[in-house]
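**Q** What follows is the residue order along each chain.
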Amino acid sequence: MESLGQYLRRLRKRKGLTLKEVENAGVASNAYLSLLERGLRKAPHPSILNGLAKVYDAPVKDLLIAAGYLPPESDKEPSSATIESAFNLVKNDPRIAHGTRSRGPRLSLEAKRYIVGVYETLTGQKIT
Amino acid sequence: MGEQLEKPEQDIIRRFCFEFVRRHSENWPAEEGLLAREFVTHFRMPPFLHSANLEKIGESFGIKFVEEKLPDDLLGANFYFEGKRRIALADRLEHVGIKEHTFLHEIRELLEYDFRAIGFPTVKTDAHELESRADVFALSAILCCSEKTWESWTKSAFEIQSSWRMIAALILIFAGRVIYLFNAGYCARISDFEDSRRPLPPA
Numbered sequence: 005m006e007s008l009g010q011y012l013r014r015l016r017k018r019k020g021l022t023l024k025e026v027e028n029a030g031v032a033s034n035a036y037l038s039l040l041e042r043g044l045r046k047a048p049h050p051s052i053l054n055g056l057a058k059v060y061d062a063p064v065k066d067l068l069i070a071a072g073y074l075p076p077e078s079d080k081e082p083s084s085a086t087i088e089s090a091f092n093l094v095k096n097d098p099r100i101a102h103g104t105r106s107r108g109p110r111l112s113l114e115a116k117r118y119i120v121g122v123y124e125t126l127t128g129q130k131i132t
Numbered sequence: 207m208g209e210q211l212e213k214p215e216q217d218i219i220r221r222f223c224f225e226f227v228r229r230h231s232e233n234w235p236a237e238e239g240l241l242a243r244e245f246v247t248h249f250r251m252p253p254f255l256h257s258a259n260l261e262k263i264g265e266s267f268g269i270k271f272v273e274e275k276l277p278d279d280l281l282g283a284n285f286y287f288e289g290k291r292r293i294a295l296a297d298r299l300e301h302v303g304i305k306e307h308t309f310l311h312e313i314r315e316l317l318e319y320d321f322r323a324i325g326f327p328t329v330k331t332d333a334h335e336l337e338s339r340a341d342v343f344a345l346s347a348i349l350c351c352s353e354k355t356w357e358s359w360t361k362s363a364f365e366i367q368s369s370w371r372m373i374a375a376l377i378l379i380f381a382g383r384v385i386y387l388f389n390a391g392y393c394a395r396i397s398d399f400e401d402s403r404r405p406l407p408p409a
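Chains as they are written, first to last, in the working numbering: chain A, 5 to 132; chain B, 207 to 409.
Since the hints were made in silico from the structure, they are not lab data.
Predicted model only: the values in this text are computed from it and were never measured.
Virtual Cβ for every residue (Gly too), placed ideally from N, Cα, C.
There may be inaccurate statements among the hints.
As the list claims (entries may be wrong) - Label pairs and their calculated CB-CB ranges:
no., chain 1, residue 1, chain 2, residue 2, range
1, B, Tyr392, A, Glu81, 52 to 62 Å
2, A, Arg45, B, His301, 42 to 52 Å
3, B, Glu261, A, Lys95, 48 to 58 Å
4, A, Thr127, B, Asp297, 42 to 52 Å
5, B, Ala258, A, Glu124, 51 to 61 Å
As the list claims (entries may be wrong) - Straight line, CA to CA, 25 Å or less: simulated BS3-like cross-link-like pairs of lysine-lysine:
no., chain 1, residue 1, chain 2, residue 2
6, A, Lys65, A, Lys95
7, B, Lys270, A, Lys130
8, B, Lys330, B, Lys354
9, A, Lys130, B, Lys275
10, B, Lys330, A, Lys95
11, B, Lys354, B, Lys262
12, A, Lys130, B, Lys290
13, B, Lys275, A, Lys95
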């Protein structure tokens with residue numbers, strides 16, 4: 005998995021910027037950025053990441069995830085309200101039909117989460 | 207409603223549904239036992255279904271079959287999307303015959319989507335009615351599959367020369383059939399039995 009330093013270096017190279025040019029944008033010093041990219045400094049304050057995201061034209065959320073401030077997208081469990089509303093969307097989508105053999109008349113949240121997951125796989129549409 | 211029946215269908219399940227509706231539209235909805243019998247004959251189902259063969263059987267119908275970890279309250283699930291059908295069974299189902307029953311139960315629900323699409327649903331909007339119908343269908347299909355085999359074994363038993371051996375064979379066949387019937391019935395009701403033991407998920 006790519007480290008924060010490697011990720012920042014990749015973003016900078018993608019924009020074709022030198023460390024000096026990033027320093028000139030007023031986010032952090034050239035020396036500090038170099039240490040950061042080489043993994044010799046721990047994750048900077050979110051405000052620095054925010055500045056870097058602007059310079060690199062990258063989503064700040066991705067930088068916060070790479071720095072460990074936010075959990076990776078795949079690890080984030082959608083809330084029960086999100087699952088319920090996604091499940092209603094699945095139920096009302098005329099393109100798809102589904103059924104279950106279940107214990108009891110009501111589906112658990114986990115069962116709804118499973119159905120929503122299959123829906124997303126089949127349709128290629130992310131709804132959570 | 208009937209004009210929708212004119213379309214030729216390449217999809218083998220849809221075609222079966224068309225043909226079934228054509229034959230029985232005057233007496234709709236047809237009985238589940240009749241649907242199961244015609245389904246078993248049309249698709250030449252093996253006399254005894256075995257869980258190891260379900261994937262192959264599913265494939266022959268164009269149904270993607272998977273056994274996977276499902277949430278605790280699900281025994282099986284089915285999906286129909288743009289002509290693609292998918293059946294998933296919980297990998298924890300261990301009781302003999304339960305996978306086969308659940309597989310047929312899910313097939314029945316998939317058939318309902320086709321009946322609905324061609325304008326001949328067998329149930330209106332009541333999901334529980336479809337659940338009950340699917341259980342009757344699965345039970346009937348399991349019994350229809352094995353019927354000829356039991357008959358042929360019974361016929362063979364009558365041909366045994368030694369009378370005590372013939373009686374022993376008939377007793378064994380009878381006992382086997384009763385156990386098979388009892389188990390098939392249990393598999394049809396297993397979700398009800400489990401309901402009474404487990405708390406329902408919160409509304």
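**Q** Would you mind marking each hint as holding or not holding in the structure?
**A** Checked hints:
1. Tyr392(B) with Glu81(A): 52 to 62 Å: Given range 52 to 62 Å: violated, Cβ gap about 37 Å.
2. Arg45(A) with His301(B): 42 to 52 Å: violated (59 Å)
3. Glu261(B) with Lys95(A): 48 to 58 Å: Since the Cβ atoms of glutamate 261(B) and lysine 95(A) sit about 28 Å apart, the hinted range of 48 to 58 Å is violated.
4. Thr127(A) with Asp297(B): 42 to 52 Å: violated (25 Å)
5. Ala258(B) with Glu124(A): 51 to 61 Å: violated (30 Å)
6. Lys65(A) with Lys95(A): violated (31 Å)
7. Lys270(B) with Lys130(A): Between lysine 270(B) and lysine 130(A) the Cα gap is close to 22 Å, so the pair holds against 25 Å.
8. Lys330(B) with Lys354(B): Measuring from Cα to Cα gives roughly 34 Å; hence the hint is violated.
9. Lys130(A) with Lys275(B): The given pair, whose Cα atoms are some 22 Å apart, holds under the 25 Å limit.
10. Lys330(B) with Lys95(A): holds (16 Å)
11. Lys354(B) with Lys262(B): holds (22 Å)
12. Lys130(A) with Lys290(B): Distance ~19 Å between lysine 130(A) and lysine 290(B) Cα, so the pair holds.
13. Lys275(B) with Lys95(A): holds (22 Å)
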